[in-house]
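*Asks:* Chain by chain, the residues run as shown.
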Amino acid sequence: MRVTTLEARGRAWLYGLLGRVFDDVPDAELTARLVDESPRLAGLARALGAGDASIDTLENIEVGDAEAMGIEYTSLFEMHDRIYPFASCWTGEKPRLMREPWAAANAFYRRLGLGLTEERLARADHIGTELSFMSVLAGRLASAVDEAEASAAAREFDTFLASHVLAWAGRFCAAVMADRRSRYYSAYAELLSYALAAESALEGEQVTLMSTDSLKEVGQ
Amino acid sequence: MKDVIGHPISRRTFAKAMGALGAAVALGAEGSRLFVDATQAAAADGTFYGACQICDSQCGYKAVVTGDHYELYGNANDSQSGSWGDAKGRLCVKGYAGPDKALNADRVFYPMKRTNPNKGPNEDPGFVKITWAEAFNLAATRMNETIRELGPKGVVLGYRGNDWTNRFRAALGTPNQMSHIDTCFRSHAFAWGNMVLNNGGAGRPWTQDFGNSTYILSFGYDQVGKAQNPTVQGIVKALENGAKMTVFDPRLSTTAVKALHYGGRHYMIKPGTDLAVMWAMIKWIIDNSKWDATFVTNYVDATTFANLQTFVTSGAGAAYTPAWAEGISGVPAADIMAVAQEFTNNGDYTTWNPIVPTHKRDGAGGPNYTNSWRSAMAEVILNALVGSIDKNGGVIPDRTFSLKGLDVLYAASKPAVANDTAARLDHGNEFKLVTGGTGSFSSLFRAIVDETPYQVGFLFMSKYNLPFIAPETDVVVAAMQKVFVVNHCFYADEGAWMSDLLLPEPSSYEKNNFLSGGSGNFRPYKAIAVNEKIWTLGDCKGIDGVFYGLSMAADDIANAGGYTAACSGYHNDATKVKPADYPTATFLNGRDSLSKYFTTTGVQGGPQVSGGALGNAQLADLAAGAPANGWDATYNSVAAFTAAEKASGATGPGNGVYPTSGTHANYSWPGFSTKVKLQLTSLNDATKAPWGITEASGFPAWSGKREATSVTYPFNMVTDREPMHAHTESKAEEINNELSGVGKFQMNTQAAADLGIVDGDTVIITSRAGTQESVVRTSNHIRYDTTHMMHGWGRWGVSATGTYDRTGAQTSRGFGLHAPEMFDVPSANDDVLIPSQSYAEIVTSKDPSMSAAMQDVVVSVVKK
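Chains as they are written, first to last, in our numbering: chain A, 21 to 240; chain B, 24 to 887.
Everything labelled a hint here was simulated from the structure, so no lab data went into it. Be aware that a few hints might be false.
[Unchecked claim] From the derived model, a few chain A residues whose C-beta atoms are all more than 10 Å from chain B:
(1) Val-55
(2) Ser-58
(3) Glu-79
(4) Glu-82
(5) Val-83
(6) Asp-85
(7) Asp-166
(8) Ala-174
(9) Arg-175
(10) Asp-178
(11) Thr-179
[What the hints assert, rightly or not] Residues on chain B that point at chain A, a partial pick, calculated with CB under 8 Å:
(12) Met-41
(13) Gly-42
(14) Gly-45
(15) Ala-46
(16) Val-48
(17) Gly-54
(18) Leu-57
(19) Val-59
(20) Asp-60
(21) Ala-67
(22) Ala-128
(23) Phe-132
(24) Ala-515
(25) Trp-558
(26) Leu-560
C-beta atoms are modelled at their ideal positions from N, C-alpha and C, and glycine is treated no differently.
Based on the sequences and whatever the hints tell you, model everything.
*Replies:* What follows is the structure in structure tokens.
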């Protein structure tokens with residue numbers, strides 16, 4: 021990937037914010053932030069071609085939506101018939117925590133000098149953790165002091181994106197967008213899916229994309 | 024594989040958008056908030072010693088964890104997983120699959136509260152994740168409201184108690200602690216507790232030395248079929264060494280197959296008639312003087328033995344002949360006599376170690392039938408007559424290290440409260456021959472629904488998926504709708520769905536603790552096993568941590584005036600409650616400083632206790648008493664013990680269990696200072712039970728089961744568990760489910776054919792309690808008049824209508840009380856069919872053990 025500092029800064033911002041969105045139920049601070057950033061998020065979604073419903077949700081979120089978002093988050097990702105937010109649950113025959121994608125993500129973090137606390141360790145392959153790490157890598161790129169450092173950071177960003185996030189996050193987003201329980205997170209999932217679609221493209225090329233329907237044939 | 028979705032978008036467009044975004048925002052540290060420097064990061068790798076807690080056998084294991092890979096080995100130094108000293112180092116299938124429980128993605132990992140005030144199988148609860156502080160505050164608030172409106176007795180606590188949790192109950196002042204044991208083994212606790220252990224019906228021995236048995240006489244006992252490690256390995260060892268086994272079971276159980284394979288016997292006995300066969304054998308032994316005279320002379324109460332002789336020769340028991348038993352049970356009289364002769368080795372006990380094993384839902388002894396307390400007594404009589412109590416190869420009363428009780432080590436500071444006679448919701452205080460404090464799941468939920476004898480408003484449950492563990496699911500659901508339910512739970516299961524507040528429970532792989540002896544030992548000598556934490560998953564707390572947090576929250580409210588005000592009326596009430604089953608402990612009478620009694624210091628908000636397992640003070644106490652109590656004095660703290668274990672290597676002193684081996688001397692049990700009773704005069708004591716005299720003879724005279732087959736309900740229904748599953752706690756585990764397969768309802772092939780039913784059909788099963796659907800398995804390995812369903816099984820389709828699964832495909836699963844289940848294993852829930860019992864019904868049945876009669880069920884079956 022060859023990007024400008026500004027592009028990298030944009031990525032760090034976007035994936036950092038989406039990492040927080042998908043990491044946990046929203047607290048007051050996050051909800052206020054999403055309200056503040058709503059024009060920017062909606063504009064980005066519009067620029068990327070997201071649907072009207074998602075744009076409307078991103079644009080009109082209110083502080084008072086925090087409770088409803090919390091209920092939706094819990095229902096979608098923590099409770100009965102949940103959409104598993106862990107990479108390990110999307111790579112084997114049956115959903116299980118702490119499988120190979122978890123170990124690989126953790127190893128990636130460590131190789132780049134980072135890691136997780138004991139309380140956080142089991143969530144190494146959580147969508148919130150992986151997006152946050154993408155933000156970290158983009159931030160390193162944005163703050164690189166020379167071309168060599170920038171190239172190295174870009175290479176790590178691409179590698180992590182391709183070998184970890186893109187291996188499952190598209191299907192995760194599709195499941196969230198298709199779930200009838202989902203309103204808020206469907207919008208953020210659509211924004212994320214468009215960003216990941218663009219990331220996965222080679223420069224100047226159109227991305228070969230999968231439709232929602234085609235996901236059923238994947239049979240993950 | 025890249026599999027993103029969306030409309031095609033050019034990289035350039037995206038880069039442009041990111042560039043514009045980057046120009047507008049500052050470079051923050053949003054993403055890095057989750058990470059620490061690698062030098063400070065945690066790792067899951069290592070070698071861990073543990074005691075498997077998938078079931079209560081507590082087999083020692085060694086886990087080797089490397090990244091996402093783990094390997095589990097039986098601990099060859101442990102008599103449990105080491106096959107009773109054979110050092111084979113094995114776990115059972117449930118044990119090997121145990122870590123899958125911890126890593127199950129469908130767990131409850133965080134506290135959650137319900138937001139939908141409507142509660143029901145078809146009501147999405149609308150849970151929202153909250154903090155522990157919020158959860159404790161909510162629970163304490165609702166608890167206090169209940170106490171203010173209904174008194175302390177309006178709080179019902181459901182869990183397996185320990186010293187600390189019992190303090191919590193006593194501190195609150197409610198008599199209502201409930202557990203599941205009436206659905207499980209309390210008829211055994213009644214018989215063994217009153218006849219042998221002299222503990223007032225509080226417990227029973229769990230250790231059975233099968234490995235040294237020479238004859239195993241099994242009345243419905245199918246522990247081989249449940250694959251419990253120590254029992255399976257012990258029985259197989261005995262059979263391979265030439266032991267013989269006779270099995271009475273309406274099904275060709277796994278144990279029965281083993282018996283036949285090794286030249287033993289199996290009889291498809293009529294359900295609920297084991298007692299008749301037992302009495303015929305007892306009479307044969309007495310009539311032919313084939314008892315173990317040495318044991319009877321030395322360890323059996325002489326008066327009760329003499330009375331037994333009289334009872335079966337010239338009393339009512341004289342009628343209990345083999346021919347009489349054949350008429351009731353269908354077992355040929357000649358075979359009953361032949362088995363009795365084999366079982367007693369024709370009276371020569373020189374090298375003879377027979378046993379009548381018991382466990383839980385055995386055909387005979389468990390709370391399966393209304394007459395099971397009688398057959399449990401008869402089993403004790405048989406074991407006593409052949410001298411198998413505390414004999415190698417027999418039933419061995421549990422041994423433990425001499426440990427000071429937690430109430431001694433951490434004495435509560437307030438004076439004891441005088442006992443009172445406050446009525447329990449389940450009337451358990453009226454049943455004087457068992458420990459009422461363990462409660463009755465059979466009657467609890469109906470009592471809640473009917474508000475009889477009084478109204479309650481707050482129900483705390485730990486480890487129980489209530490709709491699948493207690494009789495009559497519809498009644499359980501109605502009860503959960505009626506009160507505020509705090510559920511300390513593991514899975515997002517049906518019980519969670521029906522609850523108001525969820526508190527996540529950790530698995531044993533997420534806890535550091537020590538396990539010692541007692542009811543969960545299964546070892547023939549005293550031992551302690553260490554259990555080391557492997558993983559941290561979510562934000563879970565054990566029950567002691569939950570009660571500590573709840574105590575602190577209650578104190579916070581008290582400091583604000585609310586809690587004290589809520590309870591002041593009760594404080595001044597002369598009817599203060601001190602649960603009658605803790606008459607000597609120094610509990611408390613004030614709840615305005617609840618947390619005082621849940622700490623090691625007696626100071627409000629002091630250090631948190633860890634009550635369920637051994638703590639440093641107890642280990643130090645053990646060390647101070649070394650070597651008199653057999654403990655190595657160097658192990659005076661958890662840290663010292665685990666450090667020594669880690670340093671010991673393959674040839675060290677413990678490797679996870681201490682000691683690594685032990686012996687048991689015949690009849691060395693100190694409890695023999697009170698001799699074994701073959702007769703309970705307390706059954707003739709009108710003050711021991713609400714109905715008055717239970718059995719004038721003091722012997723468990725013949726009485727049939729509660730429910731007889733009829734034209735309406737032509738089939739008996741018995742329940743059981745599958746070998747690959749551990750209670751309901753493993754039914755979400757894919758490995759176990761793959762082994763289990765589909766279909767949880769079994770009936771005789773010819774009986775099915777006569778109804779136009781073939782294997783694989785879906786059938787409708789109906790009892791007087793409810794109706795259930797299931798796929799049927801037909802087999803000749805079950806009596807014509809008997810059907811079988813797995814206990815605690817089934818699943819509601821826990822899926823809101825029209826939701827999508829993780830592949831994005833719309834799920835076909837429906838949602839409703841009797842809908843197909845969650846994990847693609849069609850099955851049924853026997854609890855739907857098992858009638859609950861009102862207090863009046865229990866009184867009518869005259870069952871001093873207050874059992875749930877889980878198998879005393881008759882059903883009809885039709886093809887759907």
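*Asks:* Now tell me if each hint is right for this structure.
*Replies:* Outcome of the hint check:
no.: 1; hint: Val-55; verdict: holds, 16 Å
no.: 2; hint: Ser-58; verdict: holds, 14 Å
no.: 3; hint: Glu-79; verdict: holds, 16 Å
no.: 4; hint: Glu-82; verdict: holds, 17 Å
no.: 5; hint: Val-83; verdict: holds, 16 Å
no.: 6; hint: Asp-85; verdict: holds, 13 Å
no.: 7; hint: Asp-166; verdict: holds, 17 Å
no.: 8; hint: Ala-174; verdict: holds, 12 Å
no.: 9; hint: Arg-175; verdict: holds, 17 Å
no.: 10; hint: Asp-178; verdict: holds, 12 Å
no.: 11; hint: Thr-179; verdict: holds, 13 Å
no.: 12; hint: Met-41; verdict: holds, 3 Å
no.: 13; hint: Gly-42; verdict: holds, 4 Å
no.: 14; hint: Gly-45; verdict: holds, 3 Å
no.: 15; hint: Ala-46; verdict: holds, 5 Å
no.: 16; hint: Val-48; verdict: holds, 4 Å
no.: 17; hint: Gly-54; verdict: holds, 3 Å
no.: 18; hint: Leu-57; verdict: holds, 5 Å
no.: 19; hint: Val-59; verdict: holds, 6 Å
no.: 20; hint: Asp-60; verdict: holds, 7 Å
no.: 21; hint: Ala-67; verdict: holds, 6 Å
no.: 22; hint: Ala-128; verdict: holds, 4 Å
no.: 23; hint: Phe-132; verdict: holds, 7 Å
no.: 24; hint: Ala-515; verdict: holds, 5 Å
no.: 25; hint: Trp-558; verdict: holds, 6 Å
no.: 26; hint: Leu-560; verdict: holds, 5 Å
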